[in-house]
Amino acid sequence: MEAAGLNGCACKRGFFTLRDCPNAATVACDICSRRFCADHLALRVDAKVCVECAAKQAEEGAVRPSAGRRPTRDLREEDDPADPGLPYRYRARYYDYYDYEPMWWGSYDPYWSDYGYRWYDDSYDDDDDGGGFGDS
Amino acid sequence: MLRQKVLSGARSPDEWIELLGPLVQYDRDAEAMRKHMGRRLAWVIGLGVIVALAAASFQPIAAAVVAAVTIVAALLIYPRYRFAKKMDLADAPLGFTVPLLPILREDADPAKPLELKLDLRGALVSGKRTGETKPYKKGAYHKVVDTLYEDPWLVGHAEFVDGTALDWTVTDHVRSSKKTKRNPRGKIKTKTKRKKKTSLDVKVVFPAKNYAAAQATAGGPSAGDLRKDVIKTGDGRTTVRVSRVVKSNDVNAPLDVNHLLDLVAHAYGRVAPARRKKL
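Taken in sequence, the protein lines are chains A and B.
FYI, the numbering used here numbers position 73 of the first sequence as 73, with every residue one higher than the one before it.
In the numbering used here, each number is its position in the second sequence, counted from 1, plus 136.
Extracted from the complex, chain A is given alone in its bound form:
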């Protein structure tokens, strides 16, 4: 697999499948040091943390899901749809609980090496042109 570009956001989009985030990276994560975009910034007071690290921490019980932030509405805080971390917490929990292996349609990232995922692994097929689904 090809590694993501240096300027691209390192977080993966998707739940059932994983793919590269198309946005440009603007900030580095205080935990994993990967660079990511504003869409993937977890809601923290004094730290810049990507939503994937924040989801891991929430699953490990290290922090509350949206620590330091007052929810916009009186929803159960964890399920506030305005919280950008919500799908990533569900994703981390789901992958851990069910050992679900998502389809991998993105660039290689060692951050994900602890997770199982599925991708087309045919050494005779050299069709990786880096293009999208619409280009064939």
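Think of the hints as simulated: they come from the structure by calculation, not from any bench.
Misleading hints may appear alongside valid ones.
Claimed, not checked - Ranges of calculated distance between the beta carbons of each label pair, as one might list FRET restraints:
(1) A:Asp39 <-> B:Lys270: 39 to 49 Å
(2) B:Val205 <-> A:Gly61: 52 to 62 Å
(3) A:Ser113 <-> B:Arg411: 14 to 24 Å
Backbone N, C-alpha and C fix where the C-beta goes; we use that ideal spot for every residue, glycine too.
Take the given structure of chain A and dock chain B to it, following the hints.
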């Protein structure tokens, strides 16, 4: 929209979140108001009856005045209670759909809208009644009548970035049993019990150019949890149909969004990537 309590349309996930997010808070406020008005109504009637009865023996005129005041107060409060009850939305559909939207947004094709039909009326409305059994006997109950309701409260269609199309339906099947018996003292007692079965039916269509049928080896729920698990290939696609039934003794019990995620994850477990591409 709040009067009809049925929402349908094709919008982006963000637009749906914008629409449904405030409804959750509205529903909580309406429920709190209904409970508040219900408590106030009960207090007014209860207190009025006690005071009127206590005063009746030595101050009949005062008792009559108290009774009249109680009736007027109850008549003033009741319309507010009824209005709050009428405006209350079914909790389960909102509680299920709102967290589902940001999850679907992750995989959804931004160029294709998310189609939803969301029914917030609840199952126990006359239009959803599908039948009634003839009276029958069961144990101590000499008369049992079951009324059946069918409530398809969420129907959706989404198209994902990988070309996969997802259709799902969530339907509550409610059995409301009205049971009547005669107790040892000869009094007739009637009670109503309700049970709910929620069926989730999912169809996932995978494009053959990206996915091929495979064995279910990729985690997700075991096939034992599923009521239906059918895979069909052909016409340039692989179609997986899965369904699950969740039982509950509480008709208002919330449904965990993971049930739908399980079914879609299981469908993804039935296919494997057919080529190496980046999305």
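Hint-by-hint comparison with the structure:
For A:Asp39 and B:Lys270, the hinted distance range of 39 to 49 Å is not satisfied, since their beta carbons lie about 59 Å from each other. Taking 52 to 62 Å as the suggested C-beta distance range, the pair B:Val205 and A:Gly61 conforms, at roughly 56 Å. Look at A:Ser113 against B:Arg411: about 23 Å separates their beta carbons, and that is inside 14 to 24 Å.
Of the numbered hints stated above, the single one contradicted by the structure is hint 1.
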